[in-house]
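Novice: Line order of the protein sequences matches chains P and R. Residue 1644 in my numbering sits at position 171 of the first sequence; the count goes up by one each step and never skips. Residue 1726 in my numbering sits at position 253 of the second sequence; the count goes up by one each step and never skips.
Among these hints, one or two may not hold up.
Pairs count within a copy or across copies, as identical chains cannot be separated in the list.
As the list claims (entries may be wrong) - Think about it this way: if two alpha-carbon atoms lie no more than 25 Å apart in a straight line, the pair counts; the simulated PhoX-like pairs of lysine-lysine are: (1) 1772 x 1595; (2) 1602 x 1772; (3) 1575 x 1632; (4) 1646 x 1579; (5) 1629 x 1772; (6) 1770 x 1846; (7) 1602 x 1646; (8) 1560 x 1772; (9) 1770 x 1575; (10) 1767 x 1672; (11) 1575 x 1595; (12) 1579 x 1672; (13) 1629 x 1575; (14) 1579 x 1632; (15) 1632 x 1646; (16) 1632 x 1672.
None of these hints come from the bench; they were simulated from the model.
Protein chains: 2
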Amino acid sequence: MSFFSLVHSDSESQARAGIITTDHGIIETPIFMPVGTVGSVKAIEQRELSEIGAQIILGNTYHLYLRPGEDVLSYFGGHHRFMSWNKPILTDSGGYQVFSLKELRKITEEGVQFRSHIDGSKHFFSPEKVIDIQRCIGSDIMMVLDECTEFPVSHKEAKTSMDLTLRWASRNKNAFDNSTPRYNHNQFLFGIGQGSTYKDLRRECMESLIDMNFDGYAIGGLAVGEPAFNMYDIIQHSTGIMPADKPRYLMGVGTPENILTAIEMGIDMFDCVMPTRNARNGTIFTTRGRMNIKNLKNKFNDECIDPGLDLYASQNYSLGYLRHLFTVGELLGLQLATMQNLGFYLWLVRTAREKILSNTYRQWKHSILDIIK
Amino acid sequence: MSFFSLVHSDSESQARAGIITTDHGIIETPIFMPVGTVGSVKAIEQRELSEIGAQIILGNTYHLYLRPGEDVLSYFGGHHRFMSWNKPILTDSGGYQVFSLKELRKITEEGVQFRSHIDGSKHFFSPEKVIDIQRCIGSDIMMVLDECTEFPVSHKEAKTSMDLTLRWASRNKNAFDNSTPRYNHNQFLFGIGQGSTYKDLRRECMESLIDMNFDGYAIGGLAVGEPAFNMYDIIQHSTGIMPADKPRYLMGVGTPENILTAIEMGIDMFDCVMPTRNARNGTIFTTRGRMNIKNLKNKFNDECIDPGLDLYASQNYSLGYLRHLFTVGELLGLQLATMQNLGFYLWLVRTAREKILSNTYRQWKHSILDIIK
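Same shape as in the complex, but just chain P (with noise of 0.2 Å):
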């Protein structure tokens, strides 16, 4: 079995149905990725993951490194087995995280020097160094140290660190070469494609990614503060770059909507805090559009929270209830919420690959887009 099958393409977009097989397990896309942070879906418990239809889940190298740290990892076996987690994980590298740092951070030749965001400690990561903690952590899919620019950023600049991204995807696919998995299973490594909004710098950067043979490309730098034609515009380009037969991830992305336009463009994954991150500000997606749940409308409210998804929190329990727990500030608001809005994404990347299996994509996406967004 091969890493990754097309399994169909849309014929009215680029859109595309396939299969991706792991150790773990098989991810079916398009699939959304839920955020684990810190080895654990905010407010949702693992068999609840499963039950809402997640096939893969994303850890962060950064956070993992931190805490539980490589020591405590690797005494567990790995990640999966140290959260009680046996379908596919993905970790992305850190690089993100290393860019939020900013003040705390010091970006060389070599790698990058951090400061832990916790204890102020000091680190020091190098390409060589996140395959090596992802070897400890064990994920099915590690992402290469990149680095990510800021928007707006000149094209020098840009040029500059797409070249630094671009020797440093080198050194890790070398790490990778040279090392081998810990836990009996299979690891694959992806590419991350930088350039910031310029085509020029994402085509040389994607081509010489691809010329380095990853086993997956993603799209990275992305969603840093670029308006919406940009980034639609970056993502068609892309994914126009990018083989046909390999994963295509779109990092960090986003609304509903901004992930059935990429999907329509050619993206097979994403991941996104949105879902869970909304879920505890109170804003619910549900399958007849976005709310606030706290809005005092849902006071008197006993419909359930969300009719078209057959999941325990939609249907279970009525949108005054929901309130009523935000209001009082109970921890089940956030349990439902989180499961939800998780359950409305993973629904939504499950019904897009339905319809580009039966070619009805672009049809479905307009109408259900005029309801949800």
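Position chain R relative to chain P; hints supplied.
Specialist: For chain R alone, coordinates are given in the frame of chain P:
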């Protein structure tokens, strides 16, 4: 079917096994009631409460009256429907909460005026009013409005307070007898014995309540700071007075040891925030003893949380992972610890019942306390 049936009395102690029958199902006693103060047992889903063996949960009249309020509860057809819990509910009258407000309340013959802890708004509870609110909540078991004294208190003050509690109890009973359930299920009313640590007052109070013929009797005003010796003394004294054919409820108590000792003295029902509150502080009750999960010694512990409990949280996650969740502040830690602690308390009373039925309660209590104390 009568409301309460005594199934078996232990041959070696006063411990008893019974069955309480309500329109929302039966309750096998001795029972522990998880506390769902404001319409949710903190950090656990309703289906999970069923899963871990909860047969009845507690709600607080004071809190539910303030939020969501009678208008919402009435609109939703009562608290069972509002919170999607179709097993029995007992509601505390609010007496204890109002007692806890101290500076915010004023007690008169008529009732108690208090200010909301949320917004300072003025409210008035009378015996008649709390019956009315509990009719609106629709709890299966309602409690009378009582006055709870602090510890220590003089005999004179305790007597004055107890006399008021008795006059209120009589008004509660009248209001109950002259009103009907609102949601097509039966409701029962328990009296609450007071009298601080004075046996003569405890006797006078309980005997007067028994004359009023409540559906069950509670011991209130304990676990308010008195020594354990006094508490056990009053429990033993009270169960000697309480009728054998009605349920006996010890309010707000306590540790596993408190509960097992009180069961031995003939108590049938318990509630306490200890398992849920301690869970959120990282104190875990297990069949192998109590522990502070944050302790460094758990860092490299890959044993499951509790091999002695057949529960999702107990069996599927390690002590090391649970410690990690608390260390990094993940909500899942609160969820798993809550399930474990409530599951442990429910296991404790369920096992107590089995041992009573087989006349081995005292022996078992002795051996289990050696482990879990």
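Novice: Just pull the numbers of the violated hints for me, sorted ascending.
Specialist: The structure breaks hints 5, 9, 10, 12; every other hint is satisfied.
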